[in-house]
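Asks: Chains as they are written, first to last, in the numbering used here: chain E, 47 to 217; chain G, 29 to 239.
Source of the hints: derived by calculation from the structure; they are not laboratory data. Watch out, some of these pointers could steer you wrong.
[Stated by the list, open to error] Take a look, some chain G residues computed to stay more than 10 Å from chain E by CB distance:
{"#": "1", "residue": "69"}
{"#": "2", "residue": "92"}
{"#": "3", "residue": "128"}
{"#": "4", "residue": "149"}
{"#": "5", "residue": "235"}
[Stated by the list, open to error] Covered stretches of chain G (chain E as the covering partner; in silico rule of three or more C-beta atoms under 8 Å from a C-beta of chain E):
{"#": "6", "region": "185-199"}
{"#": "7", "region": "210-221"}
{"#": "8", "region": "224-234"}
We put the CB at the ideal spot given by N, CA and C, even for glycine.
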Amino acid sequence: MVRGATVDCTDTHGRLVAHQDGELSPSETLQVSEHMSGCARCADRYERLLAATPRPNLSIPPAILRRLHDRVDVDAILAAAANGAANRPHPSWVARGAAWLRRDTEIPMAAVIGYLLLLAAALGWGAASWHAPPGAPPAETLVAEQPSPEIPAEQWQPVSWQPEEETPGMH
Amino acid sequence: MRVTLRLLLVHDDGVTMSNLRLLRGASSTVPDDDAIKEVARRDHRHASDLVVRKYRDPLFHHAAYILKDWDEAIDVTQEVFIKAMREQRFFDEDFKMKAWLYRVTSNLCFNLVRDRRRRSAILETIPQAKVAEARQADVVFHSQQQSTILTAMDRLTENHRSILMLRYYSDLSYAEISDALDIKLGTVMSRLSRAKSQLMEVLHEVGVSVG
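Excised from the complex, chain E in its bound form (with noise of 0.2 Å):
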């Protein structure tokens, strides 16, 4: 390595490819190219890699040809689409529900963190900000104000319980 040998590294590498595929714009092509010519080891991963490229060199036999045409056609195509179209019944939520859990996706980690951290912040907040709503009385208040067994029903009285000052003109 002799230029840029620890920044550019680790950038080149990640553009190696799309810079085989033709992908790069000028510039980044230009950064690319002028890092490998004084870079040995970015140079041989890029041979490496250009050698483990696929290539599209399948051979398929003109009977499969001819069968893959006689069966992919239009009017077929048409007709089975009609058909399944008036036929096919609607997925149940099940079944979507199913499709959805089978489906390939990546979900980033940093995605599956950040909702994690919302949910526990969310709890916290929820935990925390739990009280008896203003005004009420404490706890201890309200179960010294149910009534004791030893007193009577009809003598018992609510601790906060005052008389009605009498309005005059009331009777």
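Assemble chain G onto chain E, guided by the hints.
Replies: Showing chain G alone in chain E's frame:
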């Protein structure tokens, strides 16, 4: 009857022109997707015919690479077009039909591959079923290196295999792959880079000289 071809090497340069190149040549006479959408406004059947003629062989090719089985690849190709004709938005102006077709083909193929694995895992537990022959790689290749690469790709993850096949066997651009797999352009670049690095490592493990 299922046609089973073993992995062969063909050294005759007279037949080394890839089918894909032939297909690309054939496709050049077919209108592009936007023109087909225009046709669909006047004549739905004609537009459907153009779509089938344009994409039938390339999609079959793509399916054959994944499935390594001609008959299954034909079935999948047929199913993809039936699904396409049932898709209400298929000829809509902003519908990316090429990406959609390749996405559906890939999904159907990988579903079949997964089913095959499940079936073979069950069969292995049944002693009398062991006599059943495993499916052969039904492909004919022109070079040892390329047949080894295809075999090595079976050891990659499904995501890596899928993206490599879309790029190198079906010749989709990064933008088209981005649409087909519904991932960002930057993800296409990084995933392809990782996939190819992984492929290189697998080839190294099996003792194939790559450079």
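Asks: Evaluate each hint against the coordinates.
Replies: Hints and how they fare:
| no. | hint | result |
| --- | --- | --- |
| 1 | 69 | 17 Å, holds |
| 2 | 92 | 6 Å, violated |
| 3 | 128 | 15 Å, holds |
| 4 | 149 | 16 Å, holds |
| 5 | 235 | 14 Å, holds |
| 6 | 185-199 | holds (count 9) |
| 7 | 210-221 | holds (count 4) |
| 8 | 224-234 | holds (count 5) |
The structure fails to meet hint 2 from the earlier list, while all remaining hints are met.
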